[in-house]
Amino acid sequence: MKILVCITHVPDTTSKIQFTANNTKFDTTGVQFIIGPYDDYALARAVELRDQTGGTLTALNVGEAETEPTLRKSLAIGADDAIRVNSLPKDSFFVAKQIAHYAKEGGYDLILMGRESIDFNGGMVHGMVGELLGMPSFSPVMKLEVEGTTVKMAREIEGGKEYLEAQLPLIAGCQEPIAEWKIPNMRGIMSARTKPLKVVEPISQETQAEAVSFQLPPAKGSVKLVDKDNVSELVKLLKNEAKVL
Amino acid sequence: MSILVYIEQAEGKVKKTSLEAVSFAKALAAQTGEGEVVAVALGTIDSSELGAVGKAGASKVLHADDVRLTDGVIQAHASAVAQAFASVGAKTLILAKSSLGDAVAARLAIKLNAGLVSNVVELPNSTGGYTVKRSIYTGKAFAETSLSTENKILAVKKNAVDLKTDGADATVEKISVSLADSDFASKITSTERAKGEILLPEADIVVSGGRGMKGPENWGMIEDLAKVLGAATGCSKPVSDIGWRPHHEHVGQTGVKVAPSLYIAIGISGAIQHLAGVNSSKCIVVINKDPEAPFFKAADYGIVGDAFEVVPKLTEALKAEL
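Protein sequence lines correspond, in order, to chains L and U.
Following numbering that gives the first Met the number 0, the numbering of the first sequence begins with 0 at its first residue and continues without gaps.
Following numbering that gives the first Met the number 0, the numbering of the second sequence begins with 0 at its first residue and continues without gaps.
Keep in mind the hints are simulated off the structure, nothing from the lab.
Check before you lean on any hint, since a few could be wrong.
Said to hold, decoys possible - Below 27 Å or equal to it, Euclidean Cα-Cα: the simulated BS3-like pairs (lysine-lysine) are:
| no. | chain 1 | residue 1 | chain 2 | residue 2 |
| --- | --- | --- | --- | --- |
| 1 | L | Lys238 | U | Lys288 |
| 2 | L | Lys238 | U | Lys15 |
| 3 | U | Lys173 | U | Lys15 |
| 4 | L | Lys219 | U | Lys296 |
In this text the structure is predicted, and so the values were computed from the model without any measurement.
Sequences and hints are given; from them, build the entire structure.
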């Protein structure tokens, strides 16, 4: 089986979010970048499936040169080779076009990625790639087993889950608990340095929905503390001041 | 020209978030002069339910009453909605952000060659261009997004507009959609849904517990408080990781993102990853015995005290008041 895992290069979940250049650019000062947490689940499951069924695992990222350490990390975790599409990921449509093109070229049976990137939270790329390639797409997938060409999945829905069956090839946007995150070991880190990482150019520059400026939410006022022996005061505040009851 | 709204249902009932999407479309139509709001509903639905879609602002509901569409089969839903979009000559599709909505919207973006914006938090600005404000970095920031396409899809976040309930009943028109076998290439074999509970992503009030609750056996007091408030229950990531509560109750960066009017956090310290899932709440109440818990910095109201003492008292006080 040929597996493709798409990786985002995103600020660590504890990062302080700030913008520069008159609120048109993300401020990377002091920010550590990581493999998107949802992509990390997809990658971990992909490594398990590759090990179970044989075949190959390719990691792909749409990003400029600074994303290479993130892509190398996915090689250290277990991908066999990597592709970097050399461009800023301008919007979901742009990224989906690139992935669809290189996925078609590679003839993958299974394409996994996170349910969404944790920077823009769109959660759209897997569905777009599915439609572009004429493959079924599923998200958010929390369980995925491959038996021959049949894929059995559990997908999270509001207040529960649904169980599905479909045939390869397909695309899934993943989330926990599909697999446990894998931490690269020393052997993985050493071998990642020499695994192939191919840099390719974007196939088109077309976009549809680009972010043009950013804002931070208004600062929160300070908390109003209520004495623990006077909880009815809290009820009054919620009713009369906050007006949420 | 009309604005089309994709309506989701669960067990024959129209979802409240979909009704909010209808009200969003109605407000948008008033702003842009895009004509009437037409909703499209798929599968078996109580006909009385479709009237409520009118109250929220739709003048017409197109109902593809095909039993194969009752389940949310992603590709089939995308095909059906694309046909409805073409038949009403819409340029804009509005839907509620949800597990199914996102999956369907992404495929529709390609089918309709439409620019797609998710997590939309307010009405677009259509004077000179078309920009939409959306939530990014899991609620830690907002982005103004410029749409360059003629067709547009907006997936609207909960509470982006107030739900309208004063509209007239909508006329319901049955439609038939042509679906290929390939639209049903995947099969939903079974569905598990928490029965009789208020769904977390749709709840107006959420009561969440953390590790401070000390064990799953103590969740009764969380549930009692939630019951008095008509609230959904949630939990922090460690709690769902240890298995005290099911995964679909996990609120946070990698769990459910909620946007209720009132969020009550009990025995949750307030790690940045948890805050990311709740920062769209209108009002946050924190109950924690540690006065240094970081959650107090993100709260509107707080009580420093032992949950086991405070929560039952709060439940009683609410019972007396409500």
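Hints and how they fare:
Simply put, Lys238(L) and Lys288(U) have alpha-carbon atoms about 24 Å apart, close enough for the 27 Å limit, and the pair holds. Restraint check for Lys238(L) and Lys15(U): satisfied, since their Cα atoms lie roughly 23 Å apart, inside the 27 Å limit. Distance hint between Lys173(U) and Lys15(U) is fulfilled; the C-alpha atoms sit about 22 Å from each other, no more than 27 Å. At most 27 Å may separate the alpha-carbon atoms for a hinted pair to count; Lys219(L) and Lys296(U) meet this at roughly 8 Å.
When held up to the earlier numbered hints, the structure conflicts with none and fits them all.
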